[in-house]
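A.B. asks: Residues per chain are reported as follows:
2 protein chains.
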Amino acid sequence: MVIKEGLRPGGRSARVQASVHSAVHELLEVHARSSVTVPMIAARAGVTPSTIYRRWGDLGALLADVALARMRPDSEPADTGSLRGDLRAWAEQYLDEMNSEPGRMMMRDVQCSQTPGYCVSILSAQLQAIVDRYPADTAPSVDRLINLLAAPTVFRILFSNTPLTVAELHALIELALKA
Amino acid sequence: MVIKEGLRPGGRSARVQASVHSAVHELLEVHARSSVTVPMIAARAGVTPSTIYRRWGDLGALLADVALARMRPDSEPADTGSLRGDLRAWAEQYLDEMNSEPGRMMMRDVQCSQTPGYCVSILSAQLQAIVDRYPADTAPSVDRLINLLAAPTVFRILFSNTPLTVAELHALIELALKA
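From first to last, the protein sequence lines stand for chains A and B. FYI, in UniProt numbering the residues of the first sequence are 1 to 179. FYI, in UniProt numbering the residues of the second sequence are 1 to 179.
Chain B residues, not near chain A, derived (Cβ > 10 angstroms throughout):
1) 15
2) 25
3) 32
4) 36
5) 38
6) 40
7) 79
8) 80
9) 82
10) 93
11) 102
12) 125
13) 131
14) 139
If you only want the chain A side, here are some residues facing chain B, beta carbon under 7 angstroms, derived:
15) 111
16) 119
17) 120
18) 147
19) 151
20) 152
21) 154
22) 155
23) 158
24) 159
25) 160
Because the hints were derived from the structure by calculation, they are not lab data. The structure presented is a predicted model; accordingly, all values stated were derived computationally and were not measured. Just so it is clear, CB atoms sit at the ideal spot from N, CA and C, and this is done for glycine as well.
So that you can see chain A by itself, here it is in the shape it has in the complex (with noise of 0.2 angstroms):
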């Protein structure tokens, strides 16, 4: 799957793919995710089957897709005023929205998609506009807040009981914020 970026606002192409989200998110909610069929979206969405075939390849590049415009955030990451403060309200928020439900089922979508890369890139960019605020601290590479910082979040939610708790969250800034 190849995620088409930079799609012409209101174009044909940008209207079918807004049609096309919504309805994968209609369907969501009333259906569950194993009986929701390429033929039932393109019904909704007022598509023919084959234009989703011909754009995304199969079901779960669809739903990947969604997922990750979903993921996209609709807005820079807080601005308090401190490095610190920024980090601590960003990573709060991304543990939330991770341990959510829908986030369970984004961080599933999302591995099966050809483009797994394609999160961490969001992330990035995000951690480094919030690094770019305050270029007279010596700030941690961007690198190092998505090991210390993103990782145990995704990695805690998926494979451990327990989820993160705020407080392990600020220890893990402190520890990024270390020189």
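Given chain A's structure and the hints, the job is docking chain B onto it.
C.D. replies: Below, chain B without anything else, positioned relative to chain A:
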């Protein structure tokens, strides 16, 4: 799914388990995962499908049990004579194993199981065994080792285009060892 631990070795139950696990291994060597079915496994293992359904619940639970059994290490972590050396040996092997095709499949199966926490308990036991060898050192906690070593290893494999390098892994070990 309840994972049956402490089966009496050689008992009927243990023989059924061994036979079903072998059948799964053999079938996965020649068939795509998505084409393996419970009746195929039952036929190869010489049991009835209902034996499998009664014991494991469904195919996903059985695959997860097989994946977890494969992940359970056959031996103690390598003893190199130092805490740093043992952690390096363990972390490098873990990175290698998780980054392999069976490792990736295992992670996928385990996430779909009802007992993903079992995964962390296996890791914890290995790391605890290492830490216990060096009572004189102010060793990091097992939770810290999981957050700083296992989590980035797995996160980068699942969600990024590039796994951790050995140099990054060593830097994370140094960070984990810092007071």
